[in-house]
Amino acid sequence: MEIKDKQNAVAGFTARLLRKHFGKGPEAVFVSFTDDVICIYVRDLLTPVEKVLLENNQFGMVYATRDSLMEKCLPELKEQIKEETGHYFKHFYYDWNMETNGGVIVAVKEELRDQADDSSLQEVNKLVAAVTKKTERLPDKVKSVKLNNRTLVIYREGILVNIEKEIVRSGEEEVLRKAKGNLEKQELREAFDKESQLLQGTAQEIFVDWSFEKDQSMIVVIIDPNDN
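The opening position of the sequence shown corresponds to residue 1 in this note's numbering, with each subsequent residue numbered one higher.
Among the hints, a few may not be true.
Straight line, CA to CA, 25 Å or less: simulated BS3-like cross-link-like pairs of lysine-lysine [said to hold, decoys possible]:
(1) LYS214 x LYS194
(2) LYS141 x LYS6
(3) LYS134 x LYS185
(4) LYS180 x LYS141
(5) LYS214 x LYS82
(6) LYS178 x LYS72
(7) LYS78 x LYS51
(8) LYS51 x LYS90
(9) LYS134 x LYS194
(10) LYS194 x LYS141
(11) LYS20 x LYS90
(12) LYS165 x LYS134
(13) LYS72 x LYS51
(14) LYS194 x LYS165
(15) LYS134 x LYS109
(16) LYS51 x LYS126
(17) LYS178 x LYS134
Here are the in silico distance ranges between beta carbons for each label pair [what the hints assert, rightly or not]:
(18) ASN149 x LYS126: 13 to 23 Å
(19) GLU157 x ASN56: 32 to 42 Å
(20) GLN197 x LYS165: 34 to 44 Å
(21) ASN148 x LYS109: 14 to 24 Å
(22) ASN56 x ASP35: 43 to 53 Å
(23) VAL161 x ASP227: 37 to 47 Å
FYI, nobody ran anything at the bench for these hints, they're computed from the structure.
Where is the CB? At the ideal position from N, CA and C, for every residue including glycine.
Please model the entire structure based on the sequences and the hints provided.
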């Protein structure tokens, strides 16, 4: 199967799967991948009920509901991706932006393998490491891969400080996720706005998710590329 056919297949069953569980499918699904990672970017998934909740500032309820729905979606998505690509992707991350009505789902086989020969991506790694050090600690690993001119995926490992680990152990993971999400996205946006040449465009959307148990994180930057 050609890459374009695989992308269309993954986009198609992702749209159907989200429609099945959310009651409404996304208006658009964009899929990009390498052998090690798949990034699924969805647009306009917001349901009528979610719109009412957001109008009443019930953001926490919307996120909590989506977490429950994704717990049901991900096992099916994992099996479908294996069937369509012939490869098993072990780790899944996802995040939403309610203001733009966008979202991403990232599937990784094991650990992201970066494009080590790309000097601009090495600068991206340094930038993300500096931002992470400012908000948490210097990460043990930062790796990045640009799937296309609109999609940058960044992997981090070893970012939690002791107090955050204790918060996770105490069962307050969602409180930590909310606080870290707001802070990191703001800092990352400011950093990429200042160093936009690294993206060869501007950061249109930034998504962040964590596996707190593994002390790992995935960042996706959706880029509005410069005109050539």
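Going down the list of hints, with the structure as the test:
A hinted pair counts as satisfied when its Cα atoms are at most 25 Å apart, and LYS214 with LYS194 does not qualify at roughly 31 Å. Taking the CA atoms of LYS141 and LYS6, the gap is about 30 Å. The hint is violated against a cut of 25 Å. With a C-alpha separation of about 13 Å, the suggested pair LYS134 and LYS185 falls inside the 25 Å cut-off, and the hint holds. This hinted pair checks out: LYS180 and LYS141 have alpha carbons roughly 18 Å apart, not beyond 25 Å.
For the proposed pair LYS214 and LYS82, the alpha carbon gap of about 23 Å is at most 25 Å, so the pair holds. Of the supplied pair hints, the one linking LYS178 and LYS72 holds, its CA atoms being roughly 22 Å apart against a limit of 25 Å. Distance check on the hinted pair: LYS78 and LYS51 sit about 28 Å apart at the alpha-carbon level, beyond 25 Å; violated. Distance hint between LYS51 and LYS90 is unfulfilled; the C-alpha atoms sit about 33 Å from each other, more than 25 Å.
In summary, the hint linking LYS134 to LYS194 is supported, as the alpha carbons are separated by about 16 Å, within the 25 Å threshold. Of the pairs offered as hints, the one joining LYS194 and LYS141 holds, with about 23 Å between alpha carbons and a cut-off of 25 Å not exceeded. Of the supplied pair hints, the one linking LYS20 and LYS90 holds, its CA atoms being roughly 23 Å apart against a limit of 25 Å. For the proposed pair LYS165 and LYS134, the alpha carbon gap of about 17 Å is at most 25 Å, so the pair holds.
Distance hint between LYS72 and LYS51 is fulfilled; the C-alpha atoms sit about 22 Å from each other, no more than 25 Å. Under the criterion of a C-alpha separation no larger than 25 Å, the hint pairing LYS194 with LYS165 is inconsistent with the structure, at around 31 Å. With a C-alpha separation of about 29 Å, the suggested pairing of LYS134 with LYS109 is violated against the 25 Å cut-off. Annotation: proposed proximity of LYS51 to LYS126 is violated, straight-line Cα distance about 38 Å (limit 25 Å).
Under the criterion of a C-alpha separation no larger than 25 Å, the hint pairing LYS178 with LYS134 is consistent with the structure, at around 18 Å. For ASN149 paired with LYS126, a C-beta distance near 21 Å keeps the hint of 13 to 23 Å intact. Between GLU157 and ASN56 the CB atoms are about 38 Å apart, so this pair conforms to the stated range of 32 to 42 Å. For the pair GLN197 and LYS165, the supplied restraint of 34 to 44 Å holds, since their beta-carbon distance comes to about 36 Å.
One distance hint, 14 to 24 Å for the beta-carbon pair ASN148 and LYS109, holds here, with the actual separation near 19 Å. A hinted range of 43 to 53 Å holds for the C-beta pair ASN56 and ASP35, which are about 44 Å apart. For VAL161 and ASP227, the hinted distance range of 37 to 47 Å is satisfied, since their beta carbons lie about 42 Å from each other.
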